[in-house]
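**Q** Here is how the chains run, residue by residue.
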Amino acid sequence: MGKQFLLGNIKVPGIHTYDVYRKHGGYNAAEKALKTQTRDQVIEEVKFSGLRGRGGAGFPSGMKWSFLDQKSDKPRYLVCNADESEPGTFKDRFLMEKLPHLLIEGMIISSYALGAKTSYIYIRGEYMYVLRILEKAILEAYAAGFLGKNILGTDFSLDLYVHPGAGAYICGEETALLESLEGKRGLPRLKPPFPAIAGLYACPTVVNNVETIASVPCIVNISADLYNDIGIGKSTGTKLISASGHINKPGVYEIELGLPVEEFIYSDEYCGGIWKGRSLKAVVAGGSSVPILPANLILKTAKGEPRLMTYESLSDGGFVSGSMLGSGGFIVMDETTCIVRNLWTFARFYHHESCGQCSPCREGTGWMEKVLHRIEHGHGHMSDVDLLVDIAKKIEGNTICPLGDAAAWPVASAIRHFREEFEYHVKYPEKVKDPKHFEKEPFVSEKLERAVH
Amino acid sequence: MSEVRFSNDTLTLVSKLIGRYPEGRQKSALLPLLHIAQSEFEGWLSVPTMDYVASLLKIQPIEVYEVASFYSMFNLKPVGRCLLEVCQTGPCWLRGSDDIVIHLEKKLGIKVGETTADGMFTLKTVECLGSCDTAPMLQCGAAYYENLTTESVDALLVKLNADGERSSYMK
Ligand SMILES: Cc1cc2nc3c(=O)[nH]c(=O)nc-3n(C[C@H](O)[C@H](O)[C@H](O)COP(=O)(O)O)c2cc1C
Ligand code: SF4
Ligand code: FES
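Order-wise, the sequence lines are chains A and B.
Heads up: the first sequence at position 152 corresponds to 152 in this note's numbering, and the numbers run straight through without jumps.
Count along the second sequence starting at 1, add 453, and that's the number in this note's numbering.
No lab work stands behind these hints: they were computed from the structure.
Only a predicted model underlies this, so the values are computations on that prediction, with no experimental measurement involved.
Be careful, since some hints might not be right.
[To be verified] From chain A, some residues computed to sit far from chain B (all C-beta separations above 12 Å):
id, residue
1, LEU299
2, GLU305
3, ASP334
4, ARG341
5, LEU343
6, TRP344
7, ASP384
8, LYS440
[What the hints assert, rightly or not] When the alpha-carbon atoms are kept at most 27 Å apart in a straight line, the in silico DSSO-like pairs for lysine-lysine are as follows:
id, chain 1, residue 1, chain 2, residue 2
9, B, LYS560, A, LYS433
10, A, LYS191, A, LYS393
11, A, LYS47, A, LYS71
12, A, LYS136, B, LYS624
13, A, LYS433, B, LYS624
14, A, LYS370, B, LYS577
15, A, LYS433, B, LYS559
16, A, LYS440, B, LYS559
17, B, LYS511, A, LYS184
18, A, LYS117, B, LYS480
19, A, LYS74, B, LYS577
20, B, LYS577, A, LYS149
[What the hints assert, rightly or not] Looking from chain B toward chain A, a few residues come up when the C-beta cut is under 7 Å (computed):
id, residue
21, LEU483
22, LEU484
23, GLU519
24, VAL520
25, LEU547
26, LYS560
27, ALA595
Each residue gets a CB set at the ideal place from its N, CA and C atoms; glycine is no exception.
Whenever a hint applies, use it, and build me the whole structure from the sequences.
**A** Encoded structure:
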């Protein structure tokens, strides 16, 4: 079993309550930071720990914190991004539901470091029952003197509130989230200015993912040095992975960064192998937005080295033969999966979630959904495959926010690695009539040959 | 139509919520208030309801309409007492969400987007609800129903019918 910085106490009965959490060392880090460390010391610790944003982009957290405009005389805000809507990602829900006080403790230490006196947790509206759990825990933290005025007798005061969204993936994008928190539609802002300069209410703001903030107490507790020891190179510490799809044991796993992908998929400690004794076809390793990889390329890089669960190893080979760690939404597909249909569900998702501000994204996601729908249902043309590639290219890099890229990458990569399967749908429409067309007879690329002869 | 007005208890909660945001930033409380309004007024937001929320926040009605229509959890038309929201995104599809949708359509005698004649159920498909490890799944009100099978769906319908309660994200 690897080191567990976040979920180590998850099995302790009642750990969601203040008393039990406190008894098991909870809030020791908050006490240590507030009583013995300066704000700058905490920021330095987070910098040295190598912690990178767990929301998807993997930006070094300490560096992000140091960008916060400290000269401005406006209030500063910390906003926790608990919007978690990336398909295949459910680790933040798990963490908040089981360990609400870990997030609250992280918010206290991080707010202290950043000089924020009011902080918000923006949680997706569908997680309303988790919001209730958080609110209850926040009340406990106020009662225990860890929130409110002059925490632990120091001159640091903090108010912490939870704010519900209402069903919009785009509000996970940090500037859309801030718009939404201001009571507006979730339309991403043009950057610059970045939130560190003009964020919530045009004040200096840091937006961090739930898991990022929940990692801070551990760094303060064990020291940045020890945190840094875990992992490989610039991928330090542990990461929560949401594992779903055709595996024996779907769920949330805390892994030490550096774990081989093969071990993650097949070991009983984690996914427990592919369900129904079937074989692995493909993996989307970091949430629906990252490139899909076929079995051979997820287990080994193009150079033949074992693929590891790190930011660097998963992206080895760039978009030609690699992918990304992203949010850690690890979606596994067995041999019976139709890549086209899976992709169509993602395209439908991005079309539905596009905020509509930029025409390449608004129109392009709609076209991709439509074209994929017709290929999947046996009404496609051979030219549709290149048409999809072309649309994806025209969206990528031409939009206000990265949702456009996130919609384009899955399409481009699926066609790069599984082109024959798209062509098969066009060539043999009668064979894909049954929605479960590959369930009885998995698609293998030679099939195209056999069908022709 | 009866006057749209929150109870006194709810109004106390509303002022507490508004107090969470800085002076002059009361509009921030819009999403929380719309959730409450939808829950208190039959599961959807009518124009008078939205106008009422606008008056509470001292903002223009259009500022409420444009927000209410942006977010998929707000219903701008009446819905059945129980809104069944089945997740249909990739990870759920991989584990059989299509079968659940087809089964519900057959069982309820309606298509996705429709409401049963008795006004009991509205069927909707939604995108990833962050519960992919327990796929297939659906949401009804605040509750998640997970690891669905056709049998467990049948049992759920019986239970919801017997309860007869209106689903709400706030409960
Ligand atoms: C379309 C889109 C959706 C996003 N959704 C989320 C999300 O649900 N949760 C999250 O933490 N970050 C999400 N992000 C990333 C955020 O914009 C931001 O980078 C992140 O919250 C920063 O926190 P971190 O540095 O701690 O990762 C999303 C980005 C985009 C472009
Ligand atoms: S890329 Fe898409 S989601 Fe992002 S701002 Fe443009 S239209 Fe909106
Ligand atoms: S895909 Fe259905 S909950 Fe994530």
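**Q** Quick one, are LYS117 of chain A and LYS480 of chain B close enough, alpha carbons at most 27 Å?
**A** holds (20 Å)
**Q** Does LYS560 of chain B pair with LYS433 of chain A here, judged by a C-alpha cut-off of 27 Å?
**A** holds (24 Å)
**Q** Per the CB criterion, is GLU519 of chain B less than 7 Å away from chain A?
**A** holds (6 Å)
**Q** Just want to verify: LEU343 of chain A was marked as not at the interface with chain B; is every Cβ pair farther apart than 12 Å?
**A** violated (8 Å)
**Q** Given the hinted pair LYS433 of chain A and LYS559 of chain B, is their alpha-carbon gap at most 27 Å?
**A** holds (21 Å)
**Q** Taking 27 Å as the top limit, are the C-alpha atoms of LYS136 of chain A and LYS624 of chain B close enough?
**A** holds (15 Å)
**Q** Less than 7 Å between beta-carbons is the criterion; does ALA595 of chain B satisfy it with respect to chain A?
**A** holds (5 Å)
**Q** If we take the beta carbon of ASP384 of chain A, is the closest beta carbon in chain B still more than 12 Å away?
**A** holds (21 Å)
**Q** Checking one constraint from the list: CA of LYS74 of chain A to CA of LYS577 of chain B, max 27 Å. Satisfied?
**A** Status violated; Cα separation ~44 Å.
**Q** Next pair to validate is LYS191 of chain A with LYS393 of chain A; report whether the Cα-Cα distance is within 27 Å.
**A** Between LYS191 of chain A and LYS393 of chain A the Cα gap is close to 22 Å, so the pair holds against 27 Å.
**Q** In terms of Cβ atoms, is chain B entirely out of 12 Å range of LYS440 of chain A?
**A** holds (15 Å)
**Q** Is LYS370 of chain A within 27 Å of LYS577 of chain B, Cα to Cα?
**A** holds (20 Å)
Violated hints for the displayed structure, listed by number in ascending order: 3, 4, 5, 6, 13, 19, 20, 26.
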